[in-house]
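**Student:** Letter by letter, the chains look like this.
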Amino acid sequence: MAIVETCKLSFDYIRRDEEGNVSSINRALNRVDLSVEKGEFIAILGGNGSGKSTLAKHINAILYPTEGYVLVDGKKTSEEINILDIRQKAGMVFQNPDNQIIGSVVEEDVGFGPENMGIPSENIWERVEEALKILGMWEYRKHSPMRLSGGQKQRVAIAGVVAMHPECIIMDEPTAMLDPAGRKDVIRAARALNDVERITIILITHYMEEVVYANKVFVMEGGEIKMFGTPREIFSRVEELEKMRLDVPQATRLAYELKRRGLSQLPDGILTEKELVTELCRLYSII
Amino acid sequence: MLREMTLGQYYQVESRLHRLDPRVKLMGTLVFIISLFVSQKAVCYAVATVFLICMIKLSKVPFGYMVRGMRAIVMIMMITVVFNLFLSPGEALVTFWAFTITKEGLRNAVFTAIRLTYLILGSSLMTLTTTPNDLTDGMEKGLGFLKIFKLPVHEIAMMMSIALRFIPILLEETDKIMKAQQARGADFESGGLIRRARAMVPLLVPLFVSAFRRANDLALAMEARCYHGGEGRTKMKPLKYKAWDVRAYVILFCYLALVVLTAIVSPV
Amino acid sequence: MSIILDHINYIYSKGTSEEIKALDDICLEIKNGDFIGLIGHTGSGKSTLVQHLDGLLRATSGHIYYDGEDIYDDGYDMRALRGKVGLVFQYPEHQLFEEDVFKDVCFGPKNMGMSDKDAELAAYSALRSVKLPDDLFFVSPFELSGGQKRRAAIAGVLAMKPEVLVLDEPTAGLDPEGRDEILGLVRELHDKEGITVVLVSHSMEDVADYAGHIIVMDKGRVLMDGTPKEIFSHIEELEEIGLAAPRVTYIMHELHRRGFNVDTSVTTVKEAVDSVIGALWNA
Chain A
4 MAIVETCKLS
14 FDYIRRDEEG
24 NVSSINRALN
34 RVDLSVEKGE
44 FIAILGGNGS
54 GKSTLAKHIN
64 AILYPTEGYV
74 LVDGKKTSEE
84 INILDIRQKA
94 GMVFQNPDNQ
104 IIGSVVEEDV
114 GFGPENMGIP
124 SENIWERVEE
134 ALKILGMWEY
144 RKHSPMRLSG
154 GQKQRVAIAG
164 VVAMHPECII
174 MDEPTAMLDP
184 AGRKDVIRAA
194 RALNDVERIT
204 IILITHYMEE
214 VVYANKVFVM
224 EGGEIKMFGT
234 PREIFSRVEE
244 LEKMRLDVPQ
254 ATRLAYELKR
264 RGLSQLPDGI
274 LTEKELVTEL
284 CRLYSII
Chain B
916 MLREMTLGQY
926 YQVESRLHRL
936 DPRVKLMGTL
946 VFIISLFVSQ
956 KAVCYAVATV
966 FLICMIKLSK
976 VPFGYMVRGM
986 RAIVMIMMIT
996 VVFNLFLSPG
1006 EALVTFWAFT
1016 ITKEGLRNAV
1026 FTAIRLTYLI
1036 LGSSLMTLTT
1046 TPNDLTDGME
1056 KGLGFLKIFK
1066 LPVHEIAMMM
1076 SIALRFIPIL
1086 LEETDKIMKA
1096 QQARGADFES
1106 GGLIRRARAM
1116 VPLLVPLFVS
1126 AFRRANDLAL
1136 AMEARCYHGG
1146 EGRTKMKPLK
1156 YKAWDVRAYV
1166 ILFCYLALVV
1176 LTAIVSPV
Chain C
3 MSIILDHINY
13 IYSKGTSEEI
23 KALDDICLEI
33 KNGDFIGLIG
43 HTGSGKSTLV
53 QHLDGLLRAT
63 SGHIYYDGED
73 IYDDGYDMRA
83 LRGKVGLVFQ
93 YPEHQLFEED
103 VFKDVCFGPK
113 NMGMSDKDAE
123 LAAYSALRSV
133 KLPDDLFFVS
143 PFELSGGQKR
153 RAAIAGVLAM
163 KPEVLVLDEP
173 TAGLDPEGRD
183 EILGLVRELH
193 DKEGITVVLV
203 SHSMEDVADY
213 AGHIIVMDKG
223 RVLMDGTPKE
233 IFSHIEELEE
243 IGLAAPRVTY
253 IMHELHRRGF
263 NVDTSVTTVK
273 EAVDSVIGAL
283 WNA
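Protein chains in written order, with the working numbering: chain A, 4 to 290; chain B, 916 to 1183; chain C, 3 to 285.
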């Protein structure tokens, strides 16, 4: 069964002037259809202003559709009564770790979600321990988040969501503010949650190299889904991606350029460096 | 410079004071403040000093760390001291030009300085040894009776704890904004009062914009984690008094009694 | 224009238990017309270093000479120095404050003592050179997009007519489009207007593509100093300090190891294509 499903989802940002009259309407999402199965690792790619963050906020019932609907585990997000349930099932991690950590001590922050859910105290501690261990932050449980690195802060934020035992985690550009080491950390954590804990992951990003391991990739532009497929299918459409000004990984780009320069035997949609090297060696041996 | 403000920031260390129930610490701070205002005599201050030193020792927070946090309020202290020194009527000690220092003035100035210093040290001792979350819980439970008067105790406590958590972040940000504007030739240090006040605009506007954005983000993040007010919320660390908390209460009231007693009995 | 750093040390919270040595005996020279990439991971001291260049931080010991004059001399005009060394910080949100973009860009030149008219002229030409569309000149800076805000912030510094432009991670948080625009703009300023550029970054690919000269920092020290090719030939050393060469350099190394006769000093995709094609042709 689909854990997340959107149907003809449209959303308008409506701006009002001082008297409350509508001064402008800005369509951020336009008839988005998307379906995510339990246990999948989904990536949503897009540049700034493509609507990807707006979409994420719909899944967590922070924004409600102007038209169409969103179902999380079969429940409509637009119905008030479902909200807490949906937010527990579909947890959300935001871009800036500083603005989502509420506690002054790591373990207190991780306990915030379960506290809100009304979990008995002793169970909260079990959940906090489990979540921090999964994210590899257990030894930092007594630390102040202020003194952690960006990647560590983001892992604390993820642990805070994991402690709520969600079925699905939406990560809204979790790496945009991190350095390369922090980015690697967070992506590794996301993959481990998917592989080991079987939590559905919806990763929203503009870094293409982060989507290589996803089951499905959606590419958004101007509030619409423009491309959809496996990473390999997506990565083979270098020209279109470049038109959307997305950043193609160097291995993929090199393969694409080589093909253009006459190496037509190279396969489409090279994802990793290893793959490229293997393919080139194969070619070399033929020659 | 700004990052050295320690006022209100939690200091992580294992100590008896850290482990006390936050309600005890809140009450303790209150008692200590009352004791300072009851004190009119030197002996009382001696008692308060001994008490404060013992507490600081117990907290295991380095004294130097606490004192550094005081730097921010030196200006306020100077002003109060000067006012007291020159504006108290009484028996003249020294007179020069238009100013007179009186015996009472000197006494007031010294006591006010001590009172202010102890006030800050005492209350920062509470925030240094209590995490904002504990503090919130303590306030919420300790002041829970106010709910009868329709006071949103939980919300107020939550707001306070968030404010405390964001103090260091906003201080760091202030420092960055100051540098960014100085790099464009802004001058925060010279000129008269009005010029200086105007020079603050390029600092305050970005700071407010950022604070609002952060507040907005944080509200979203809290909602996303199922926050829906105090109702139906459980506690990770439910507050329960332990043996040491009761002992602490006893010590506190003995201390207060001692101060009141010396205030009445002592001649100086 | 030239900047010489002579045995610069900087210690945070000096005299306390939390003393941190942020810069450790830095000796450097920035020459007229350089395009320098300054790389290092978070906490390597690169941001601290650039804040010394325009006197925002004062070295604990050592000297900095701008055009032969010691900037720590008594009576040295620090404000004028900040006009000559334009420093753009990571987040434009930290500096934009006026009602409209144009006024905001005027802030720097006015502080430099320019008359209103000169300041406006400088602001106009700065906004022109960062290619901000004309219709955005008089909107609130808070209504701009991320990339536009950055351009407005750069214009705010350019309007002071600096000889050196220092950018502290100008592309953090931008999408690829925004990043290419900003870096392209910086390159143009360097090539066309002859401004000396110091670009602080942790993206190897960016630095390899744009800089003519790279300085690598680690733990407050300058670890390497050379052309991109020289720097990226030391892959192991870079990895030891948590950095890496551009991905394409790794591919070339791997191909070389597998028997390809390719150039391992390649740092950009374009060079790599030529090298691989060449190797296959010669096979």
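Keep in mind that a hint or two might mislead.
Unchecked claim - Some chain B residues well away from chain A (every beta-carbon gap over 12 Å; in silico): (1) Lys1065; (2) Ile1109; (3) Leu1133; (4) Tyr1142; (5) Val1175.
What the hints assert, rightly or not - Not the full set, but computed from the structure, chain B residues with beta-carbon under 7 Å of chain C: (6) Ile1092; (7) Lys1094; (8) Ala1095; (9) Gln1097; (10) Ala1098; (11) Arg1099; (12) Ala1101; (13) Pro1117.
To be verified - Here are the simulated BS3-like pairs of lysine-lysine, each with C-alpha atoms no more than 27 Å apart in a straight line: (14) B:Lys1155 <-> A:Lys145; (15) B:Lys1091 <-> C:Lys272; (16) B:Lys1091 <-> C:Lys105; (17) A:Lys262 <-> A:Lys246; (18) C:Lys272 <-> A:Lys246; (19) B:Lys975 <-> A:Lys145; (20) B:Lys972 <-> C:Lys16; (21) A:Lys187 <-> A:Lys60; (22) A:Lys136 <-> B:Lys1150; (23) C:Lys194 <-> C:Lys33; (24) B:Lys1152 <-> B:Lys975; (25) C:Lys105 <-> B:Lys1094; (26) B:Lys972 <-> B:Lys1091.
The set of hints was computed from the structure by calculation and includes no laboratory data. Where is the CB? At the ideal position from N, CA and C, for every residue including glycine.
**Student:** Indicate, hint by hint, whether the structure satisfies it.
**Tutor:** Hint check:
1. Lys1065: Answer for Lys1065 (chain B): holds, closest chain A Cβ roughly 23 Å.
2. Ile1109: holds (31 Å)
3. Leu1133: violated (5 Å)
4. Tyr1142: Violated: least Cβ distance 5 Å, not greater than 12 Å.
5. Val1175: holds (36 Å)
6. Ile1092: Holds. Min distance 5 Å.
7. Lys1094: Holds. Min distance 5 Å.
8. Ala1095: holds (4 Å)
9. Gln1097: It holds, given that the least Cβ distance between Gln1097 (chain B) and chain C is near 6 Å, below 7 Å.
10. Ala1098: Holds. Min distance 4 Å.
11. Arg1099: With a closest approach of 4 Å, the Arg1099 (chain B) hint holds.
12. Ala1101: holds (6 Å)
13. Pro1117: holds (5 Å)
14. B:Lys1155 <-> A:Lys145: holds (21 Å)
15. B:Lys1091 <-> C:Lys272: Cα-Cα ~39 Å, so violated.
16. B:Lys1091 <-> C:Lys105: Holds, at roughly 21 Å.
17. A:Lys262 <-> A:Lys246: It holds: about 18 Å lies between the C-alpha atoms, which stays within 27 Å.
18. C:Lys272 <-> A:Lys246: holds (19 Å)
19. B:Lys975 <-> A:Lys145: holds (17 Å)
20. B:Lys972 <-> C:Lys16: holds (25 Å)
21. A:Lys187 <-> A:Lys60: Between Lys187 (chain A) and Lys60 (chain A) the Cα gap is close to 24 Å, so the pair holds against 27 Å.
22. A:Lys136 <-> B:Lys1150: holds (21 Å)
23. C:Lys194 <-> C:Lys33: holds (17 Å)
24. B:Lys1152 <-> B:Lys975: holds (23 Å)
25. C:Lys105 <-> B:Lys1094: holds (19 Å)
26. B:Lys972 <-> B:Lys1091: Status violated; Cα separation ~35 Å.
Against the hints set out earlier in the document, violations occur for numbers 3, 4, 15, 26.
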